[in-house]
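Next come the chains, spelled out residue by residue.
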Amino acid sequence: MSTFEFLLQGLASAAEPMNLLYALIGVTLGTMVGVLPGIGPATTVALLLPVTYQLDATGSLIMFAGIYYGGMYGGSTTSILLNTPGESASIVTALEGNKMARAGRGGPALATAAIGSFVAGLIATLALAFIAPYIVKLALVFGPREYFALMVLAFVTVSSAFGNSTLRGLTSLFIGLALSLVGIDQLTGQNRLSFGVPDLLDGIEVTTMAVAMFAIGETLFIAAQGAQAPDKVEAIKGSVWMTAKDWARSWKAWLRGTVIGFPIGAMPAGGAEIGTFLSYATEKKLSKHPEEFGNGAIEGVAGPEAANNASAAGTLVPLLTLGLPTSATAAIMLAGFQQYGLQPGPLLFATNPQLVWGLIASLLIANLMLLVLNLPLVGLWVKLLTIPKPWLYAGILVFATLGTIGANPSVFELGMLLVFGLIAYVMRVFDYPIAPVIVGLILGPLAEQQLRRALSISQGDFTVLFTSPIAAVLLFIAAVALILPLVLRMRGRGDVLTQMAASED
Amino acid sequence: MSSDTNKSSSERRPDWAALVIAAVLAIVAAVIFVDVSRLTSTTGYSPVGPASVPYWIGFGLIGLAIWTVFAAFRHDFPEREHQEVSPVLWVVGGLLAQMILIRFAGFSIATGLLFGLAARGFGARKLHISIPIGIVICLAIWWLFAGVLQLSLPAGPLENLLQ
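Heads up: the protein sequence lines correspond to chains A and Z, in order. The first sequence begins at 1 in the UniProt record's numbering and counts up one residue at a time. The second sequence begins at 1 in the UniProt record's numbering and counts up one residue at a time.
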């Protein structure tokens, strides 16, 4: 069957009434949680994962797609109206969007973000559908050493290529790798680092870790900032609709943002924020109104928002075709797959095509639902932003622990939540990135498996890792991505990288 | 979180907090070494057994610990912002209370207490109001998730009244 037929079949399955309902619940919950300040898509997905536990695999993944896209829409609403970007990928949106909201143009800012996200999501999801089969074909020739090289590349790009410091990025990664050792070794069945605690034999639960690191750590960090002046929620004055001039200025920015964002997401290059910064810089350069940038230029919202959504769809390319999560959100989604015993990758396309294509189709449907829901309901989302801080964060903690208790009601699991929450808090204080811990935790065992397979095939000969051309090229790129930023920072040129800091998503 | 990396060149003393981090990394590495050392003997047939990768990660951590020590002496760490201790303690207290009570008191009372104590950390001072509110909210959540969505949340005296 051709891609097109698969996609149509997927659409038919996603359009079943029950599945539509799951998608609707997903986008609503996702937007609701994503709107809350300080909560990005990674946290949203981690918090809401337990809600999907009782559904079957298809229904749960469809709801998941809705949560993912909904969380991203919600994040942009927050950054426009509150100037508190819920995720690093929304920082640029806050830059121009909040200025627009202050100038009474909050409506058009939200509209261009929503429509831009829709356009980008649509194009990028279609691109995902058409590219995926080719990558799957490529992936079928991959052996253990190629996979290992690919994972090394992902480790480097997620941890050290961008951000403030190679040292702190690598340290975060190694903390994740060390934690990934806990539990039964998958190849020999011996237990490692479980210290006789039965709860640890299965390893450290990725969702517990993600909720602790993102939700609890972030809450503790915000608590530690003490009582500050409350952030001002900008009221939406005037029409939410865009004028003809707004449309004329937005549409090219949407398309450019999509073209910039999708490949960046699809490459193992880490989060969506890089695309948003590049798109912002491009729009600033090409704009006929450069003087408006910094004071609320609509292109500065339209482009980055489109880039943000396009890279989010892009990260699904390596996730679905190779089983390789390149962002914290994707890592948590991988955990979502694994709870049903599904391992994303080329095999999943062959063995369970309905599921994969149903998921891709639900992304399209979720995207459309969000466009229809978001603008009319924006008043409701704004109300969520006006919840007083104590109730808001107390509620977030209740929800964060609810997921863990629902998955595994044990005192030990809650203790881990607290301990890792405190670790994440300390990491935040010292400016350690969080995402590499999650990626290390989930990719660590997979990388180890592939490495040990490769080395047992070669009977312990390490040169085998470099004798495959694909693996050698990937490892070479990884080495460049590790060394180049070090050199740049040593020469005091690290500002560019700092701007692209990946702290979440 | 974008913090500037201003180096305070006048300071000659090392960054003690960074040294503590380096020590923690070294301790984690040591724990890995001690734990996997008992595995090595059981694998003779393959050059890379279950202990190999842990050893490499351990060496990586030692390397990062040494690098962190250098960073501590060169003041490479960004300046820390002032951190309020008491709100953090309230939130941690809430999480601890929930953890201890969840078995005996059920989801609503334990989590309601977490709600009240966390809200206290964020400035809602009236515990006699916020804890009951929290318990009522959690009871509603329990009813929704345990009753409607079939999620297993531990029941206590309050939940048993509802059943």
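Don't take each hint at face value.
[As the list claims (entries may be wrong)] Listed next, with one range per pair, are the computed distances between beta-carbon atoms: (1) A/P388 to Z/A30: 39 to 49 Å; (2) A/V411 to Z/A23: 24 to 34 Å; (3) A/P376 to Z/H128: 21 to 31 Å; (4) Z/F59 to A/L201: 21 to 31 Å.
[Claimed, not checked] When the alpha-carbon atoms are kept at most 27 Å apart in a straight line, the in silico DSSO-like pairs for lysine-lysine are as follows: (5) A/K284 to Z/K126; (6) A/K137 to Z/K126; (7) A/K252 to A/K288.
Please keep in mind that the hints were generated in silico from the structure rather than gathered at the bench. Note that beta-carbon positions come from the ideal geometry of N, C-alpha and C, so glycine has one too.
Taking the hints in turn, this is what the structure says about them:
no.: 1; hint: A/P388 to Z/A30: 39 to 49 Å; verdict: holds, 46 Å
no.: 2; hint: A/V411 to Z/A23: 24 to 34 Å; verdict: holds, 29 Å
no.: 3; hint: A/P376 to Z/H128: 21 to 31 Å; verdict: violated, 40 Å
no.: 4; hint: Z/F59 to A/L201: 21 to 31 Å; verdict: holds, 26 Å
no.: 5; hint: A/K284 to Z/K126; verdict: violated, 50 Å
no.: 6; hint: A/K137 to Z/K126; verdict: violated, 62 Å
no.: 7; hint: A/K252 to A/K288; verdict: holds, 12 Å
Taken one by one, the earlier hints fail for this structure at numbers 3, 5, 6, listed in ascending order.
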